[in-house]
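Visitor: Protein chains in written order, with our numbering: chain A, 1 to 159; chain B, 1 to 537.
Treat the hints as calculated values from the structure; they're not laboratory data. Do not take every clue at face value.
Stated by the list, open to error - Label pairs and their calculated CB-CB ranges:
(1) B:Pro465 with A:Gly125: 22 to 32 Å
(2) A:Thr137 with B:Glu443: 29 to 39 Å
(3) A:Thr137 with B:Gly146: 24 to 34 Å
(4) B:Asp59 with A:Pro29: 28 to 38 Å
As the list claims (entries may be wrong) - Straight-line C-alpha distance at most 20 Å; calculated SDA-like pairs for lysine to any residue:
(5) A:Lys154 with B:Pro151
(6) A:Lys154 with B:Glu247
(7) A:Lys154 with B:Arg455
(8) A:Lys154 with B:Leu228
Every residue gets a Cβ at the ideal spot worked out from N, C-alpha and C, and that includes glycine.
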Amino acid sequence: MTEHAASLPDFSADELRTLAALLDEIVPPSADGRLPGGGTLVGSEHLEATLRLLPGLDLGILQAVKAADEEARKRDAASFAALPHDARLALLGELGARDPGFLPSLTFLAYASYYQDARVLGALGFEARPPHPEGFTLDDGDLELLAPVRRRGKLYRDA
Amino acid sequence: MSEQPVDVLIIGAGASGAALAFCLAETRMRIVCLEQGDWVKPDDYPGNRADWELRRLTDWSFSPNDRKRAADYPVNDADSPIAVSNFNAVGGSTILFAGHFPRMHPSDFRARTLDGVAEDWPLDYRTLAPFYDLNERMMGVSGLAGDPAYPSNPPKVPPLPPLPLGKLGETLARGFNRLGWHWWPSDSAIISREYEGRAPCINAGTCIAGCAQGAKSSTDLTYWPLALRSGVELRTSCRVREITVGESGMVDGVIYFDADGVERRQRGEVVVLACNGIGTPRLLLNSRSKHFPDGLANRSGLVGRNLMFHPYAMVTGLFDEPLEGYKGAIGCCIMSHEFYETDPARGFARGYSFEILRGLGPVFTAMMGMGWGRLPWGTEHHRAYAEIFDRNAGMVVIGEDLPEEHNTVTLDPELTDAHGVPAPKITYRLGDNSRALMAHGVERAQEVLLAAGARDTVAEPLLRPAGWHLMGTARMGKDPRTSVVNEWGRCHDVKNLFIVDGSVFVTAAAVNPTNTIQALALHVGDRIKKNLANLFD
Numbered sequence: 001m002t003e004h005a006a007s008l009p010d011f012s013a014d015e016l017r018t019l020a021a022l023l024d025e026i027v028p029p030s031a032d033g034r035l036p037g038g039g040t041l042v043g044s045e046h047l048e049a050t051l052r053l054l055p056g057l058d059l060g061i062l063q064a065v066k067a068a069d070e071e072a073r074k075r076d077a078a079s080f081a082a083l084p085h086d087a088r089l090a091l092l093g094e095l096g097a098r099d100p101g102f103l104p105s106l107t108f109l110a111y112a113s114y115y116q117d118a119r120v121l122g123a124l125g126f127e128a129r130p131p132h133p134e135g136f137t138l139d140d141g142d143l144e145l146l147a148p149v150r151r152r153g154k155l156y157r158d159a
Numbered sequence: 001m002s003e004q005p006v007d008v009l010i011i012g013a014g015a016s017g018a019a020l021a022f023c024l025a026e027t028r029m030r031i032v033c034l035e036q037g038d039w040v041k042p043d044d045y046p047g048n049r050a051d052w053e054l055r056r057l058t059d060w061s062f063s064p065n066d067r068k069r070a071a072d073y074p075v076n077d078a079d080s081p082i083a084v085s086n087f088n089a090v091g092g093s094t095i096l097f098a099g100h101f102p103r104m105h106p107s108d109f110r111a112r113t114l115d116g117v118a119e120d121w122p123l124d125y126r127t128l129a130p131f132y133d134l135n136e137r138m139m140g141v142s143g144l145a146g147d148p149a150y151p152s153n154p155p156k157v158p159p160l161p162p163l164p165l166g167k168l169g170e171t172l173a174r175g176f177n178r179l180g181w182h183w184w185p186s187d188s189a190i191i192s193r194e195y196e197g198r199a200p201c202i203n204a205g206t207c208i209a210g211c212a213q214g215a216k217s218s219t220d221l222t223y224w225p226l227a228l229r230s231g232v233e234l235r236t237s238c239r240v241r242e243i244t245v246g247e248s249g250m251v252d253g254v255i256y257f258d259a260d261g262v263e264r265r266q267r268g269e270v271v272v273l274a275c276n277g278i279g280t281p282r283l284l285l286n287s288r289s290k291h292f293p294d295g296l297a298n299r300s301g302l303v304g305r306n307l308m309f310h311p312y313a314m315v316t317g318l319f320d321e322p323l324e325g326y327k328g329a330i331g332c333c334i335m336s337h338e339f340y341e342t343d344p345a346r347g348f349a350r351g352y353s354f355e356i357l358r359g360l361g362p363v364f365t366a367m368m369g370m371g372w373g374r375l376p377w378g379t380e381h382h383r384a385y386a387e388i389f390d391r392n393a394g395m396v397v398i399g400e401d402l403p404e405e406h407n408t409v410t411l412d413p414e415l416t417d418a419h420g421v422p423a424p425k426i427t428y429r430l431g432d433n434s435r436a437l438m439a440h441g442v443e444r445a446q447e448v449l450l451a452a453g454a455r456d457t458v459a460e461p462l463l464r465p466a467g468w469h470l471m472g473t474a475r476m477g478k479d480p481r482t483s484v485v486n487e488w489g490r491c492h493d494v495k496n497l498f499i500v501d502g503s504v505f506v507t508a509a510a511v512n513p514t515n516t517i518q519a520l521a522l523h524v525g526d527r528i529k530k531n532l533a534n535l536f537d
């Protein structure tokens, strides 16, 4: 988490830790270490921008965080973040089965934010910049490929 | 407050309103256009920012119901499998269109005569051809002459060379060739070279979130600067509430809300509707009077009926090799009209076209992958993402919808816009012919993707957020009992009221309609100019 985390006003510090743990399960760090886990998004501008752009998503996420912590406490853990990986997975499966909106909300937030992140894009070999004003270069392609189409002749009907 | 009367009052500054304003400007008549949206500044487009893909789902969404901008009006489309898409601004929906810019075929104007379905248009391809030519020069169209899907006489010669095929386009072209099927570089309302002071496309791929480069030919960049220089007045953020009718039964102006929400009146000798296939019937139905208790120009009862969309299916191929699909104009790669014309052996009338799309950016790859069920969360996520990112190529099947009177635009009894004006309600069912046609198209799309080397395909048989093309709700014809406007856009019931948008389409064809909408607007403008002395006879 970064110092920016405090700008998610409706989330307590504990809830932000849980959110980070949830996002790390949705998008774990890659085995080779090139790609960060989704939890590193907490406090990032991209996650906050996603929440800001989609009104109501923050409430859904906060409910998901609270539900995860509540279930964790039933299992004698201080919070979802305190659970071991296997227990987290089991709990996510249970919550997902109980609430059809639980996993889609978390997954949407994770994916929409994660794939804007410069570290992620760089690791994928994608330039981390807006498309404009630089744009991209693209090959014109081989228009000789049209030769068989030209040979076929007229396709339209006279009318 | 009443303002000085004008000669021509155009409602709507989108594709057709802009073309008509330009066309009539040379007459030196006093022309005013009222547009409910505003100018879009190039800096505002999301392509300038890292979050541009996400903003396609929010404030730059196709859907006015998601966007909820001040310029938008809500649309109740709950009773339709296809949701309405539009944009309200100077340039209208050309701000967000993909720029795929084909013409209709000659046979599209003769569906009844050739295939025994729908109705014939009261004009033909040859009549529209010079207006297609003019429109393609004015808009700046990139493409390649010689397409055998179109007549060679008169020839169709785009003013600019085609946009790049790229690796993705070449890959798909080889697939079409393996099957012996037609394909051709798309006619694109995106400039491939510098043109009329505008800089060319840089393959940013943001077209459907707006073009910050200004290479996409939205009418705020093409027709409007010329129309304004010629003296046309364009008033933005002005929403028309109703068209008013004088004692004679002719229209005499409109009542509108200005940018401050103040109700104003503008009188006009001629009123032209250019509000699209939803906005136009909405305004006519909201303009009831003692002369027209069922809505203006609606003695036929056909205003708002025969709504046609183009049903869209999307089929995506998943490839092993990178395709550079995130580069380039998303809707302007190659197209195919192999299954465009009727073949009775297929079991349906009319046909469809294929439009090859580019691939997806990083965020939309994740979103679509999630939707396809191909992108799990958890430990398999990175492997699955690597299999689809830059390794997908989409194509859409664009089917010809037939006009059916039960598909309608009416007024919602409760929903209103921010000014309290009743909002449109859509009631729409996909017909049996369209279902058969789309199923055929999805199967053929899968075939061509596999022939191009895809290892797998994913099909979405009917895209809901694809109601871009809004047609048929005030159709043209020679008989006032079966049509709303005549062959040059003049309402049968009101001789100083014209319609120039997609409402007047008799049939939908199987191609994107904007080029035809604008050619029709130029045709109507030409007829108005030629008949000025006896316009109301």
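Visitor: Now tell me if each hint is right for this structure.
Guide: Now the hints, each set against the structure:
Taking 22 to 32 Å as the suggested C-beta distance range, the pair proline 465 of chain B and glycine 125 of chain A conforms, at roughly 30 Å. Between threonine 137 of chain A and glutamate 443 of chain B the C-beta distance comes to about 36 Å, which sits within the given range of 29 to 39 Å. At roughly 27 Å, the beta carbons of threonine 137 of chain A and glycine 146 of chain B sit within the given window of 24 to 34 Å. Checked against the hint of 28 to 38 Å, the pair aspartate 59 of chain B and proline 29 of chain A passes, with Cβ atoms roughly 32 Å apart.
Distance check on the hinted pair: lysine 154 of chain A and proline 151 of chain B sit about 8 Å apart at the alpha-carbon level, within 20 Å; holds. A threshold of 20 Å between alpha carbons decides the hint, and for lysine 154 of chain A with glutamate 247 of chain B the separation of about 55 Å lies outside it, so the pair is violated. Pair hint lysine 154 of chain A plus arginine 455 of chain B does not hold up; C-alpha atoms about 33 Å apart against a cutoff of 20 Å. Among the hinted pairs, lysine 154 of chain A with leucine 228 of chain B is inconsistent with the structure: their alpha-carbon atoms are about 42 Å apart, more than 20 Å.
Against the hints set out earlier in the document, violations occur for numbers 6, 7, 8.
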